[in-house]
Amino acid sequence: KAGVTQTPRYLIKTRGQQVTLSCSPISGHRSVSWYQQTPGQGLQFLFEYFSETQRNKGNFPGRFSGRQFSNSRSEMNVSTLELGDSALYLCASSFSPGGENIQYFGAGTRLSVL
Amino acid sequence: TQLLEQSPQFLSIQEGENLTVYCNSSSVFSSLQWYRQEPGEGPVLLVTVVTGGEVKKLKRLTFQFGDARKDSSLHITAAQTGDTGLYLCAGSSGAQKLVFGQGTRLTINP
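Residue numbers (this note's numbering), protein chains in the order written: chain A, 1 to 114; chain Y, 1001 to 1110.
Chain A on its own, in the form it takes in the complex:
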């Protein structure tokens, strides 16, 4: 069974641009969560989607948005990129929503903003 797939693995953008990251969950998993990981802040929760609906949202500005498609694949978008958005963005899928369900992480997309 294939794991969680995130594309692209690496991305370099400049300030002011926008970026879209993609996540394909494990087959059968309907919940997808996104996290931002930086050396200073650790893993911070961005949002969680289940059945195409945003179920939970972290404390990030509106420049960060996401969506989930009917096949459970998810995308997150960051508009008007800032230097501080440079981070590893991780996607995790689980069968059901909520933190008590085992989450399986992808390898992440490393975003560098210049």
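None of these hints come from the bench; they were simulated from the model. Bear in mind that the values here come from a model prediction, so they are computed numbers and not experimental data. Misleading hints may appear alongside valid ones.
As the list claims (entries may be wrong) - So the derived list for chain A, only partly shown, Cβ under 10 Å to chain Y, looks like this: (1) GLN37; (2) PHE45; (3) PHE47; (4) GLY84; (5) LEU88; (6) ALA92; (7) ILE102.
What the hints assert, rightly or not - Restricting the straight-line Cα-Cα distance to at most 35 Å, the calculated cross-link-like pairs of lysine-lysine (DSBU-like) are: (8) LYS13/A / LYS1056/Y; (9) LYS1057/Y / LYS57/A; (10) LYS1070/Y / LYS57/A; (11) LYS1056/Y / LYS1070/Y.
Stated by the list, open to error - Reference listing, derived: stretches of chain A covered by chain Y, where coverage requires no fewer than 3 residues with Cβ under 8 Å from a Cβ of chain Y: (12) 11-19; (13) 48-59.
Every residue, glycine too, gets a C-beta built ideally from N, C-alpha and C.
Following the hints, position chain Y against chain A.
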């Protein structure tokens, strides 16, 4: 806001030594998970503890959930170079999102 504090943040020891990593909070969690993350990869779940006082063993790794379900520890016996990585604890309360600690970066030197 629920917070999890991990200590130490960095730990570098020699192969064969024992070590303990702590994960503490002022909040009660219904379950606590431990992950290990290696460079270039996402976190991989090691164990989930759900009962206060619970102890789980995974080969040389021993995980304990505090009686009050506010803290947890990870003890590694006779560390090996393959144990090197970032160890993360994460707490969950029902259907709410996972809350992660800052992580402990462990280096085992040969």
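- Item | Restraint outcome when ILE102/A is required to lie within 10 Å of chain Y by C-beta distance | holds (6 Å)
- Would you mind confirming whether the straight-line C-alpha gap from LYS1056/Y to LYS1070/Y stays at or under 35 Å? Status holds; Cα separation ~17 Å.
- Task: Identify whether the interface hint at PHE47/A stands, where standing means a beta carbon of chain Y within less than 10 Å of its own.
- Result: Holds. Min distance 9 Å.
- Message: Let's test the interface hint: is any C-beta of chain Y closer than 10 Å to that of GLN37/A?
- Response: Nearest chain Y Cβ about 9 Å off; hint holds.
- Message: Between the alpha carbons of LYS13/A and LYS1056/Y, is the straight-line distance 35 Å or under?
- Response: violated (44 Å)
- Query: Holds or violated: GLY84/A as interface residue toward chain Y, Cβ cutoff 10 Å?
  - Reply: violated (18 Å)
- Message: Using a Cβ cutoff of 8 Å, are there at least 3 residues of the segment 48-59 of chain A near chain Y, or does the coverage claim fail?
- Response: holds (count 3)
- Query: Holds or violated: LYS1070/Y with LYS57/A, Cα cutoff 35 Å?
  - Reply: holds (24 Å)
- Item | Restraint check for LYS1057/Y with LYS57/A, where alpha carbons must lie at most 35 Å apart | holds (34 Å)
- Message: Count the residues of the segment 11-19 of chain A whose Cβ falls closer than 8 Å to any Cβ of chain Y, and tell me whether that reaches three.
- Response: violated (count 0)
- Can ALA92/A be said to touch chain Y, with a Cβ gap under 10 Å? Holds - the Cβ of ALA92/A comes within 10 Å of chain Y, reaching about 7 Å at its closest.
- Item | Interface hint status, PHE45/A versus chain Y (Cβ within 10 Å) | For PHE45/A, the interface hint holds, since the closest Cβ of chain Y sits about 5 Å away, which is under 10 Å.
Hints 4, 8 and 12, counting from the list given before, are not met by this structure.
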